[in-house]
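Throw the hints in and build the complete structure from the sequences for me.
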Amino acid sequence: LQSVCGLPAQFLGRYAKLFECTAGAVRCRDQAVPREVEAFSDFLRSFGGMMHPSKMGEFYKLHPDLRSRCGRLSDFVEAHPDLFGFMHVSGGGGGLVFLAGMEREVQVVVAWCF
Numbered sequence: 356l357q358s359v360c361g362l363p364a365q366f367l368g369r370y371a372k373l374f375e376c377t378a379g380a381v382r383c384r385d386q387a388v389p390r391e392v393e394a395f396s397d398f399l400r401s402f403g404g405m406m407h408p409s410k411m412g413e414f415y416k417l418h419p420d421l422r423s424r425c426g427r428l429s430d431f432v433e434a435h436p437d438l439f440g441f442m443h444v445s446g447g448g449g450g451l452v453f454l455a456g457m458e459r460e461v462q463v464v465v466a467w468c469f
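Following my numbering, the numbering of the sequence shown begins with 356 at its first residue and continues without gaps.
Errors might be hidden in some of the hints.
Unchecked claim - Label pairs and their calculated CB-CB ranges:
1) D420 / V444: 29 to 37 angstroms
2) V388 / W467: 15 to 23 angstroms
3) S445 / R390: 30 to 38 angstroms
4) D397 / V464: 28 to 36 angstroms
5) V444 / E375: 29 to 37 angstroms
6) R422 / W467: 30 to 38 angstroms
7) V388 / D430: 17 to 25 angstroms
8) E413 / E458: 30 to 38 angstroms
Treat the hints as calculated values from the structure; they're not laboratory data. Keep in mind the model is a prediction, meaning the values are calculated, not measured. Positions of the beta carbon are idealized from the N, C-alpha and C atoms, including for glycine.
Dropping the structure here:
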């Protein structure tokens, strides 16, 4: 997987109108992008673009003001299908939340770890 500024190149290519990469940092081009979307994208990137939902407590410690704006994780992910995805895993492991475009990588992780 090629990455640019820690994001999959495919993701940046798909959302080039929303994000730009300069000096190793990703920034939103359009200030109309909701703050919670940008913050959650950054948080996912800090875990390599995917994470177990149990990490949301850490997200809310960093951004307590966004708890009410994000709501339930499943609802938030479903509201932004072009940016995020969720893959269920069998065996009671719950699932993984990921940046759109990382489905193949998530499938590999699920196959190896669950």
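Status of the hints after comparison with the structure:
Between D420 and V444 the beta carbon distance is about 31 angstroms. The supplied range of 29 to 37 angstroms therefore holds. Here the CB-CB span from V388 to W467 is close to 33 angstroms, at odds with the stated 15 to 23 angstroms. A beta carbon spacing of about 35 angstroms between S445 and R390 agrees with the range 30 to 38 angstroms that was offered as a hint. About 20 angstroms separates the C-beta atoms of D397 and V464, a value inconsistent with the hinted range of 28 to 36 angstroms.
For V444 paired with E375, a C-beta distance near 34 angstroms keeps the hint of 29 to 37 angstroms intact. Roughly 32 angstroms separates the CB atoms of R422 and W467, a value that falls within the hinted 30 to 38 angstroms. The supplied range of 17 to 25 angstroms is met by V388 and D430, whose beta-carbon atoms lie about 18 angstroms from each other. In this structure the hint that E413 and E458 lie 30 to 38 angstroms apart at CB is violated, the actual value being about 24 angstroms.
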